[in-house]
Amino acid sequence: MRTMRISLALTSRPRARINFAMAFLILLAATACNPESPLPLEGPDRHALGPADASVTLVAFDDYQ
Amino acid sequence: MKTVVIEQYVDLGRVRFVSRHFPFLGPESDRAAESAECAGEQGRFEEYSELLLANQQSNRNAGGFSDAKLVALARFDGLDEIVFETCLLEGRYVSNVEDDLAAAAEWGVRGTPSVFINGEFISPADLSTVLAALDRALAVSEPN
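From first to last, the protein sequence lines stand for chains A and B.
Under our numbering, residues 1 to 65 are what the first sequence spells out, in order.
Under our numbering, residues 1 to 144 are what the second sequence spells out, in order.
Just so you know, the hints here were simulated from the structure itself, not pulled from any lab data.
Hints may contain errors.
Derived coverage of chain B by chain A (criterion: at least 3 residues anywhere in the stretch with Cβ under 8 Å from a Cβ of chain A; other residues may be distant) [as the list claims (entries may be wrong)]: (1) 15-25; (2) 47-58; (3) 112-122; (4) 132-142.
In this text, a Cβ means the ideal position worked out from N, Cα and C, and glycines have one as well.
Next comes chain B alone, as it looks inside the complex (with noise of 0.2 Å):
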């Protein structure tokens, strides 16, 4: 989903996407976040995020985030691997975690993915329904 509304809409200029954390399957999700701020350090927060998704494990929580495994993703990606690490184990971005998290909590998110447009909760969150709620909130922001 986020690919297609990142080539139809946010590099047309159109649409601003925020990515926010909402680590609730167990700690190697709590681990995988705080990874991903870890690359965010570095500059590389998509594409880091990116590789987490094409590397999601059918078992959760089995080693398949282990910090092992998200630093051995961390040097493929290209990341300054002794950087990542000790960012990695000094729990640097847990707060901005746990920030994301209790925003989640506020705004009534319950499963993930969750998505709001202008403020709205859109559900279900799958392609088609949030394309076209995209498609009525820029015809009442962009009438012409």
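The shape of chain A in the complex, shown without the other chains (with noise of 0.2 Å):
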């Protein structure tokens, strides 16, 4: 009973190797694959008028001309 656990324990690490390398190259491509988050919608705020804890913000994007 002991020996049969233990060649099961033994057959099922190279299992976990290869599900866990699985695993991470599943996760490699999904970052890959993911697009950027989007750039901020408020950027770095070079130009803002108002309280920075205002609960609503305005962002205007115009033209001069």
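Quick one: dock chain against chain with the hints and give me the complex.
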């Protein structure tokens, strides 16, 4: 009985390694395929008026011409 | 629109107003946006922006916002002319304007003015629509 358990443990280790490697590769592929997160709408707040902690923020894109 | 929003909401501490560039009407739009950044370097972004808007020309890209005109506006606004002109000639803020353009593209901006309130695109961006949207947003965030 004990011998069988050991042999099972030994055989399951490579499988666990394979599973881990697969999971790692899937995670890597998912990260590579994921589109970049969108650029923040508010940007670096170079030209912001009003309190930084206001509950409402208006962002206006404009052209001077 | 900006003036009304600032007077009625921003100055009362209820709303934050973020200005970003979307120069899509030609090379003088780019230079005007860069010049506003240069004015901002001297702490006069808002004032200089108002000057630009007050000096809009009906003929676009026809010299209304040539570098010489932009420098003249800076002089009129009381900016340090040499510092301003150097900033403009060096293209010191080209990348800032490009960053705004890239963000605008990602957020689906197609024209101006384009307004977002708490991330929601407001259309049309006329005064009454924007004020109504602000009131709705404030009613949610300030229920009492």
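Hints, verified against the model:
For the region 15-25 of chain B, the stated coverage by chain A holds: 11 residues have a C-beta nearer than 8 Å to a C-beta of that chain, and at least 3 were required. For a cut-off of 8 Å, the count of residues in the region 47-58 of chain B with a CB near a CB of chain A stands at 5, and the three-residue condition holds. Counting residues of the region 112-122 of chain B whose beta-carbon sits less than 8 Å from any beta-carbon of chain A gives 8, enough to reach three: the coverage restraint holds. Only when three residues or more bring their CB closer than 8 Å to a CB of chain A does the claim for the region 132-142 of chain B stand; here the count is 5, and the claim holds.
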